[in-house]
Amino acid sequence: MTTNTDLKLIELDRILANRLAAGENIDSSLILSLKTALQVCEWNSGGIYLVADISQELYLQFSIGFSLELTKAVQRYSNLSDRWKVAVKGKPIFLKYEQLPISLNPVLISEGARSIAWVPMMHQNRLIGGILLINNQEVELSSAQKLLLEIISSQAGLNIARIRAQEELATSVNRYLSILNKDESLIFVLSFEGRFLFTNLAFQNESGFSSDLLDQMSLKDLLALDGQEQFEKDLSMYLSGTKTSTILSIKTREGIVREFSTIFSVGMWDFKNVLIGFSRQIDMIKEPFSKNLVEAKYLIDLIPSPVIIVNPINLSILHGNKEFQNIFGYLESESKKMNILQLFSENEYERLIDGMKRSGLVTNQER
22 MTTNTDLKLI ELDRILANRL AAGENIDSSL ILSLKTALQV CEWNSGGIYL VADISQELYL
82 QFSIGFSLEL TKAVQRYSNL SDRWKVAVKG KPIFLKYEQL PISLNPVLIS EGARSIAWVP
142 MMHQNRLIGG ILLINNQEVE LSSAQKLLLE IISSQAGLNI ARIRAQEELA TSVNRYLSIL
202 NKDESLIFVL SFEGRFLFTN LAFQNESGFS SDLLDQMSLK DLLALDGQEQ FEKDLSMYLS
262 GTKTSTILSI KTREGIVREF STIFSVGMWD FKNVLIGFSR QIDMIKEPFS KNLVEAKYLI
322 DLIPSPVIIV NPINLSILHG NKEFQNIFGY LESESKKMNI LQLFSENEYE RLIDGMKRSG
382 LVTNQER
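Each residue of the sequence shown is one higher than the one before, counting from 22 in this note's numbering.
There may be inaccurate statements among the hints.
Simulated pairs of lysine-lysine, DSSO-like, Cα-Cα distance not exceeding 30 Å [unchecked claim]: (1) K56 - K106; (2) K106 - K93; (3) K264 - K357; (4) K241 - K167; (5) K56 - K110; (6) K293 - K358.
The hints are simulated quantities; they were obtained by calculation from the structure and are not laboratory data.
Hey, can you work out the whole structure from these sequences and the hints?
And the structure:
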């Protein structure tokens, strides 16, 4: 039978889950998780830790109810300490302080610590932090309280991983776009209908149109009249890969027509099948286009996160950058023999396929 206390705990968790989902930074998520954990156990002091990526040590990020002396005493735990060895096991601890399997902290003793709760935050079976709760009385938490503390810790860990992934993705995207924008070639991404999804700075400067204006246009809008009909005829060949190069006569905003040697390739952009174009003005090409053009696979090698180029038709891996090779351990020759689906566990494979079906990348028959 569900008691009023159980309902209160469930409501606390519901509120936390909703607020974490809306959180955009790690600090607010940590403070919110710590406050909720203290409400659950009805204790008045605690701290929340994160593992430093480089040093692999536990650092106190925020605390509530800790004295200045206590904060200094529990601020950092080396990965050589007995506390780290206990924490890295990833198991929650609910004990009287003197029962802990570690050397006792004299500051905690002097401040009257009697009960301790340590709930680790894990992500992909790896310790990323934890919640430490302290009480000056010997208190036995209920099973419901212990369970909810573990849920809170799990939610906090997942939320931190989500925010970090979003930050890393944004950083990688910005770096990648920066690389594209520094390239002298006119680089543009088109939908299969020929509308602009992305243009680099060189394209914007050459055409005289801003990114916002180009986002509302199609490539055909910039082509000279005699080139519009030809582009529509050739579009299906670009998409199928039977034709990959052409000469485009592009009309600038000032009405000046310039000719560009252009290479097209099918790729993916924001999880959509797209047509990617690389153009250079003909009278500026001193060497064969293929020697001057910086291909996408060399651009992504500069990104400090694992990135792969995937064939959108059969999902085979065309290229994995250096970071992908380092983390996953596949040589370039090995990864080219693989399908992207081989990189996912069975559970993640199902989620990936469902997501691709929703976005139209695969059909039920292809699965």
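Hints versus structure:
| no. | hint | verdict |
| --- | --- | --- |
| 1 | K56 - K106 | holds, 26 Å |
| 2 | K106 - K93 | holds, 20 Å |
| 3 | K264 - K357 | holds, 23 Å |
| 4 | K241 - K167 | violated, 63 Å |
| 5 | K56 - K110 | holds, 25 Å |
| 6 | K293 - K358 | holds, 23 Å |
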